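**Q** Whole structure, please, built from the sequences with the hints as guidance.
One letter stands for each residue in the lines below.
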Amino acid sequence: MKRLIFFISVLAISVSASAQGIFGGKVTGNFQMDVQASKEDTVIGAAKVNEKMLMNAFGNILYTNGDFSAGMRFEAYLNPILGFDPQYKGAGVPYRFASYKKDFLEVTLGNYYEQFGNGLIFRSYEERNLGLDNAMDGIRVVARPLEGITIKGIVGKQRKYWEKVWESDDFGLIRGADAEISLNSLIKGFNDSKARLSFGGSFISIYQKADPRFITAKDGSLYKMTLPENIGAGAARMLFSYEQWSLNAEYARKGQDPNAVNGYIFKPGDAIFVSAGYSAKGLGINLSAKRIDNMSFKSRRDETGNMLNVNYLPALTRQHAYSLFAMYPYSTQVNGEMGVQADVMYKFKKNSILGGKYGTELKLNYSRSMSIDKTPVVQIANGSFEGTDGYTSTYLSMGDELYFEEYNLEIGKKVTKELKLNLMYSYQTFNPIAFGHSGEEFVYANIFALDATKKLAKNSLRAELQLLLTEQNYGDWAKGSWVQGTLEYNIAGKWFIAATDQWNYGNKYEEKVHYYNFAAGYNQGTNRISISYGKQRNGIICIGGVCREVPASNGLFATITSSF
Amino acid sequence: MKKILLSLILVFPLLWISCDNIEDEDKLTFVPYITNLSTPITEVQDQQKVLLEDYTGWKCTNCARAAAKATELTNKYGEELVVMAVHSTLFAVPSATNGNIDFRTDYGEKWAIEFGCSALPTGLLNRNKFGAAYTVNDGNWDSQIQSLLDNSEHVMNINLGAEFRAVENKILVSTSTEFLRNFDTTTLINVVVVESGITGVQMNSLPEYGTTPKIVDFTFNHVLRKKAVIDYPLSSGSTASGTKFVNNYLLDIDTDIIDISKCKVIVFVTNSVTKQVLQVNEIHL
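If you read the sequences in order, they're chains A and B.
The first sequence runs contiguously to residue 563 in numbering that gives the first Met the number 0.
The second sequence runs contiguously to residue 284 in numbering that gives the first Met the number 0.
Warning: the hint list may mix true and false statements.
Claimed, not checked - Computed cross-link-like contacts, DSS-like style, restricted to lysine-lysine with a CA-CA straight-line distance of at most 27 Å: (1) A:K208 - A:K163; (2) B:K68 - B:K274; (3) A:K223 - B:K225; (4) A:K349 - A:K413; (5) A:K223 - B:K243; (6) A:K159 - B:K243; (7) B:K274 - A:K217; (8) B:K169 - A:K223; (9) A:K217 - A:K159.
Hints were generated in silico from the structure; no laboratory data involved.
If you're wondering where the values come from, they're calculated on a predicted model, not measured in any experiment.
**A** Quick look at the structure:
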């Protein structure tokens, strides 16, 4: 309650202060509140909500004055809306910080988000849609001793819901450093060079107290496992570009880290990520590849799930906005995968045969993720590889298991001044391992989308039709074919109303449910209010290869967003 | 250049932190203490007991006072109190002055660090947290023991059997642990041997407890000497009331033990999360 009063006071002071400034500084902030009222629906599997109404809300307040800034975020989950971990229940200020710059140093005290390179060994970030927040709490120092050289040092612990992480050695203490050198900035002769080159290196060490762990061998004898208490990981990277060409490469290696995700094996982990691109007017090409081997890196060795991730391993697949294309999303397999992705964007010129009067945009995407080659070592424990290296792996050999494959084509076409069309087709091969159904049959899906937006004076009308065709009907998570239609009407950029129906017409074993939804909203300046009523199917949402389950719901959902 | 050197100070500490690398031979260590042999249960428990861990050392000049207090409390509480003297920290490092007698154990040292027992004498009572600290000054042991006996929940009973197998020079311990209520957290079991009646040198600054500056014929009691298992899993996750675990342990007895007849086996079970001792029992050999 004290925190609540404190927050309201700060908010009140801040709102009035934003108009006037405070001590010569500037106050900014934003706010969001989601309210959900869902009723029990046994057909779609929506659970009864005892509280009748659920709410997630947060507000950020940021004060900046020259080289000084300070801020805080108040969060309230009263109680968490469906799909958010119940451990979020409660309210408080999980994020607060103060930061200043002086000469070549920048110091942050309190909470901060940070990323080293591509994040292969360290990324602290928040993804609200996933209910994921691994904000660091501690100290960050950034030094820029010369132009072109940046050195970062961090110490702290990660957030986990509302747990008091400083009171227990079970939550690992993260120490890290990162150095980046931009040769173009450092060496005067290269300042104006078309070739841009930078190098970076980083190191992370996590201390976590190790309690004894015992395993029973096949013959019934007992072994004590000695666990490392300081887990280290290092990475080296380079970023090169020359005119339209670019290359981003990073290699990371992690020391012994027996943990719950890898089955308590000692094998060191490694990861490599390479991305090459070509970008010219009307043409963009990007080719990416990665290999991950035993790279789950958490600040608590017994942790599973999304929380306390120290690193970030992106999925090399296209992120979809159309809901049926995202029905079977790919989840990064942190224990081992190899993936490639090719992205091509081409814009047919205006007044050409394929470009027409306004030009045509074509996007092609191919992605594929496979298991890596693994040869198991001899087991000691009964039924697991605990205490051993787990397996050996030939570096560039792929395994036999396909995790995900997608062929994707998108065409964007402005037909007239008022009418714009977007068409998308995708063929996806999906391994249900991402849903935790390892070893079950794959889903093969042809998915189509047609999206048309028509301008009507100050208003606009958008119609969208999506179709997912698949023969796979397993009941629980693969329910055959779907079709979805959406109509959305925007009035003068302020009001909108929308109606959507997602119909599971191909379900062989259950009721062919219509997941209808009606929504309306209003925008004014930086404020937005929206309300919707309808059914939400259960499923999985993934962002950057990190996924969370969303349970079914049936009822009202309202959102308020605001900023100043 | 000065700025670069200052900036590198951010990075260099990590070279020292680095990471642990467990050698192949140390990854899995055979634990010889679990056995299929058994001995009859002779010590049946029916009451909640308190474990007093007396952190002490021969160089600690006030530790004779704490030892006397432990003896006094043993007489007062009888079977309700189990005492274990953990010789640890710099106060227990042997030297020629005490005849190089070393009562330290690696697990005793680890506990001293883990529970903040650096200023001796001090004690732990059921590894309960009193405010922000685990440690309790010997002047408060009595009142806190009484409080724990009055307020602790009786979660389980530990029934014991033990025999000294002279031919093999081993102690065989059988335990039968029975949960008296549902319990939601993983529990860990510890089986140790303490020895009493050992004569040695104890530094002392308090004349009422013996000669100063040292007592040359001090009697050390309840000295933690050997272990079978430390923090070995007993139950995993939730355990229902009425669940019984039967286990057998073998302890090696070497020349460190001076008189086996003055040894007893202490078995205690802890909550893996809070570290709190849920129950303790002892059996004389």
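**Q** Please go over all the hints and tell whether each is borne out by the structure.
**A** Outcome of the hint check:
1. A:K208 - A:K163: holds (16 Å)
2. B:K68 - B:K274: The given pair, whose Cα atoms are some 25 Å apart, holds under the 27 Å limit.
3. A:K223 - B:K225: holds (17 Å)
4. A:K349 - A:K413: holds (10 Å)
5. A:K223 - B:K243: holds (24 Å)
6. A:K159 - B:K243: The hint is violated at about 35 Å.
7. B:K274 - A:K217: Measuring from Cα to Cα gives roughly 30 Å; hence the hint is violated.
8. B:K169 - A:K223: holds (20 Å)
9. A:K217 - A:K159: Distance of about 37 Å is beyond 27 Å: violated.
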